[in-house]
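Undergrad: So the protein sequences, as listed, match chains A and B. When you line the first sequence up against this note's numbering, it's residues 1 to 303, in that order. When you line the second sequence up against this note's numbering, it's residues 1 to 388, in that order.
Just so you know, these hints were derived from the structure itself, not from any lab. All C-beta atoms, glycine included, are put in the ideal place defined by N, C-alpha and C. Treat the hints loosely; a few may be bogus.
Claimed, not checked - Restricting the straight-line Cα-Cα distance to at most 30 Å, the calculated cross-link-like pairs of lysine-lysine (DSS-like) are:
| id | chain 1 | residue 1 | chain 2 | residue 2 |
| --- | --- | --- | --- | --- |
| 1 | A | LYS130 | B | LYS181 |
| 2 | B | LYS68 | A | LYS130 |
| 3 | B | LYS209 | A | LYS130 |
| 4 | A | LYS130 | B | LYS299 |
| 5 | B | LYS96 | B | LYS335 |
| 6 | B | LYS28 | A | LYS130 |
| 7 | B | LYS28 | B | LYS68 |
| 8 | B | LYS273 | B | LYS69 |
| 9 | A | LYS130 | B | LYS300 |
| 10 | B | LYS338 | B | LYS54 |
| 11 | B | LYS332 | B | LYS342 |
| 12 | B | LYS181 | B | LYS358 |
| 13 | B | LYS197 | A | LYS130 |
| 14 | B | LYS69 | A | LYS130 |
| 15 | B | LYS332 | B | LYS68 |
| 16 | B | LYS197 | B | LYS162 |
| 17 | B | LYS162 | B | LYS300 |
| 18 | B | LYS224 | B | LYS209 |
| 19 | B | LYS342 | B | LYS373 |
| 20 | B | LYS300 | B | LYS197 |
| 21 | B | LYS299 | B | LYS273 |
Stated by the list, open to error - Now the in silico label distances, taken between C-beta atoms and shown as ranges:
| id | chain 1 | residue 1 | chain 2 | residue 2 | range |
| --- | --- | --- | --- | --- | --- |
| 22 | A | GLY100 | B | THR26 | 31 to 39 Å |
| 23 | B | LYS209 | A | PHE125 | 42 to 50 Å |
| 24 | B | LYS299 | A | THR61 | 26 to 34 Å |
| 25 | B | LYS273 | A | PHE57 | 25 to 33 Å |
| 26 | B | GLY251 | A | ILE297 | 46 to 54 Å |
| 27 | B | ASP138 | A | THR292 | 51 to 59 Å |
| 28 | B | PRO388 | A | GLU134 | 23 to 31 Å |
| 29 | A | GLY120 | B | LYS69 | 27 to 35 Å |
| 30 | B | LYS68 | A | THR61 | 51 to 59 Å |
| 31 | B | ALA284 | A | GLU134 | 35 to 43 Å |
| 32 | B | ASP295 | A | LEU232 | 40 to 48 Å |
| 33 | A | GLY66 | B | GLU64 | 56 to 64 Å |
| 34 | B | ARG334 | A | LEU232 | 37 to 45 Å |
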Amino acid sequence: MLESIIQNLINALQWGSFYALIALGYTMVYGVLTLINFAHGDVFMVGAYIAFFAATFILSTLGLPGWVALALTIPITMILTSIVGVSLERIAYRPLRRKGAHRLYVVITALMCGLILENGNLAIFGASRKAFPELISVHVYTIGGVSFTNLKIAVIGTAILSFFILQWIVTRTKVGMAMRAISYDKFAVPLMGIPIDNIIVITFILGSAFAGLAGLLFGMSYPILEPYMGALIGWKAFIAAVVGGIGDIRGAFLGGFLLGAVEILVVAVFPSTYRDLIAFTVLLVILSVKPTGLFGIAKTTKI
Amino acid sequence: MKKKLAAAVFTCSALFIAGTAMSANTIKIGYNIPMTGDIPKVGESSKFSAEMLKADINGAGGLEVGGKKYMLEFIYEDNEAKAESAVTTALKLIDKDQVLAMIGPNSSKQAVPAGQVADDNQTVMVTPWSTNPDTTLDRPWVFRAAFLDPFQGPVAVNFAVKTFNAKTAAVLYDLSNDYSKGLAEIFRDVFEKKLGKGSVVAFESHGTKDQDFSAQLTKIISAKPDFIFLPDNYNQVALIVKQAHQQGYKGQFMGSDAWGSSELMTLCGDDCKGLYFSTHYAAAGATGATKEFIDRYTKKYGYVPDDVAALTWDATRIVLQAIQGTGGLTGKLRKDRKAVLKAMSAIPTFAGITGNMKFDEQGDPVKCAVVVKISDSGTFEFAESVCP
């Protein structure tokens, strides 16, 4: 009994890591722009595909060993995915912001961008699944009836490390201070000489780079890629960010792990048929007790 | 402006008249297949197989019906592997494209609802791959080329009990898929009847879009089954088998015919080697007409045809034989469709490349199933054949 509890906890940590990494991107963009970037789940999907192409190219064309490929794929994926994220901001969100469009229109634009990424992928690469190449050989360790792999530990470790990096950037650096300032008052900030557009670009770079990293890790853990893989996980990560208190890095991180844990533990205790039903009921209860999420602060908006 | 418009209208109507005039010498058959969505390889196999057959017949001057030669026109429509799209696709093929008969959908998830549409609109539909009984049940217009799950379930049970010496089993299935759910329930009932109540130690489900199965697998592995029965589509099989191994499971899996895609091994790799599944035919070691089909397909498209390709070939040939059996087409669609239905039921034993079959009163063929083993080189090797 005890081993199955520990086993489930490890599973929950791994699954929650993906929610957490994606939720971090949602929450960063929301924190700065109060924009729900619904394309974020699909940026994650694009990240997984970029990682797939980079890894396959390095492995088969350049013929390098797996660990070199992994070491190269991580920066390539993060850089290229952040370019995709920034392009979305430049092409879709910035013009609307310039014209002073209401936030609602930007959110709808984000939804459409996500659909364009999905269907663009479908049109270019076709519907057949891509099998992600094996970059590191997966070892299974069994200690006292609990099985885990080196990959699982790496995923969980990366998620925790990413959280500390982002938390440090937002709370301890000048850029982070500027981000918080923009979210506090976006009209006064330019008057203080802070380049608001640059800060927003940095926000998108950070959010998308970590979505790309999540895509790479996801491809390594669940090695089958398809164009719609980002949609559902993106939605759920958004819910995780809201439950954690959207706009707060700690909230996104904890929310991600919370959702992962609830989903896995529900299946562990109840029949698996009821997973989403019970998981989302739990989240609904949390939100009805604390509508701003675990770390959220109630804000009044002037109309 | 007016002149241009008039010219355009004229051209259009000229084309239309030419089109209908041409269609007098063609026979249209619609394909309701998944070219995108969860199982795109299934649609591709169907299409490739049908294209090969069409090229054969049209290359020989067309299909002879009642002393007149007709060219074949196959219309491929994508149902995105969704139940609701399969319904609209079926309607489109019947009403807009005015096909004489339909092939597909392949999965029971789409074939069960699309079968209702075909039956309501009085158009013959033959599903190559659907094994759920509901597809053809009480629907005189719907036929199939595959065996049924109530037959496949016991095949899997008997094989596993005999080969793995199994006393207990676990089942993991896709809840939102008619095929997977139906087969999982049949398997559980048959297994418990044979080995006593409680011998199915875990009966777990998941959703179609799920990617993480660790919680279900933890439950299953801690119940220590002798093997896991996995009636799932090939894309999920690859994920589930890999994750089970990563959780330290070293036992056997028994699969069903939805495993049999040529893409299974690309996605699953070494993890799937040495596993067994029940299916419609075994490509490795085939003889006669089956071998000829496999060789030609492999040469043309570069991979060994999976069971969907072979079943589509058979399904299309059954329909064409029925069309020939009408003894002549009148050109009136409703009348011709009725004639095709009559001819379908009148077909005696049909010698297909997936085995001989004869339709019973429900439109289901009586035919054999095979169990294949995935060899170390990744081919599907014949292990056992079971006939009703």
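Undergrad: Please go over all the hints and tell whether each is borne out by the structure.
TA: Each hint tested on the structure:
1. A:LYS130 with B:LYS181: holds (26 Å)
2. B:LYS68 with A:LYS130: violated (47 Å)
3. B:LYS209 with A:LYS130: holds (16 Å)
4. A:LYS130 with B:LYS299: holds (24 Å)
5. B:LYS96 with B:LYS335: holds (17 Å)
6. B:LYS28 with A:LYS130: Violated. B:LYS28 to A:LYS130 sits at ~34 Å, over the 30 Å cutoff.
7. B:LYS28 with B:LYS68: Cα-Cα ~15 Å, so holds.
8. B:LYS273 with B:LYS69: Given that 30 Å is the threshold and the Cα spacing comes to 48 Å, the pair is violated.
9. A:LYS130 with B:LYS300: Cα-Cα ~23 Å, so holds.
10. B:LYS338 with B:LYS54: With Cα atoms ~23 Å apart, B:LYS338 and B:LYS54 stay inside 30 Å; holds.
11. B:LYS332 with B:LYS342: Holds, at roughly 16 Å.
12. B:LYS181 with B:LYS358: holds (27 Å)
13. B:LYS197 with A:LYS130: Violated, at about 41 Å.
14. B:LYS69 with A:LYS130: Violated, at about 44 Å.
15. B:LYS332 with B:LYS68: OK: B:LYS332 and B:LYS68 at ~16 Å, within 30 Å.
16. B:LYS197 with B:LYS162: Cα-Cα ~19 Å, so holds.
17. B:LYS162 with B:LYS300: This hinted pair is violated, its Cα atoms lying about 39 Å apart.
18. B:LYS224 with B:LYS209: Holds, because 27 Å separates the two Cα atoms, which is no more than 30 Å.
19. B:LYS342 with B:LYS373: With Cα atoms ~40 Å apart, B:LYS342 and B:LYS373 exceed 30 Å; violated.
20. B:LYS300 with B:LYS197: Not OK: B:LYS300 and B:LYS197 at ~50 Å, beyond 30 Å, violated.
21. B:LYS299 with B:LYS273: This hinted pair holds, its Cα atoms lying about 25 Å apart.
22. A:GLY100 with B:THR26: 31 to 39 Å: Taking Cβ atoms as reference, A:GLY100 and B:THR26 lie about 58 Å apart, which means the hint is violated.
23. B:LYS209 with A:PHE125: 42 to 50 Å: violated (19 Å)
24. B:LYS299 with A:THR61: 26 to 34 Å: holds (28 Å)
25. B:LYS273 with A:PHE57: 25 to 33 Å: holds (27 Å)
26. B:GLY251 with A:ILE297: 46 to 54 Å: holds (52 Å)
27. B:ASP138 with A:THR292: 51 to 59 Å: holds (55 Å)
28. B:PRO388 with A:GLU134: 23 to 31 Å: About 42 Å separates the Cβ atoms of B:PRO388 and A:GLU134, which means 23 to 31 Å is violated.
29. A:GLY120 with B:LYS69: 27 to 35 Å: The hint (27 to 35 Å, Cβ to Cβ) is violated, given that A:GLY120 and B:LYS69 are roughly 44 Å apart.
30. B:LYS68 with A:THR61: 51 to 59 Å: Since B:LYS68 and A:THR61 have Cβ atoms about 56 Å apart, the given range 51 to 59 Å holds.
31. B:ALA284 with A:GLU134: 35 to 43 Å: At 26 Å between Cβs, range violated.
32. B:ASP295 with A:LEU232: 40 to 48 Å: holds (42 Å)
33. A:GLY66 with B:GLU64: 56 to 64 Å: holds (59 Å)
34. B:ARG334 with A:LEU232: 37 to 45 Å: Given about 44 Å between the Cβ atoms, the range holds.
Consistency note: the structure conflicts with the earlier hints numbered 2, 6, 8, 13, 14, 17, 19, 20, 22, 23, 28, 29, 31.
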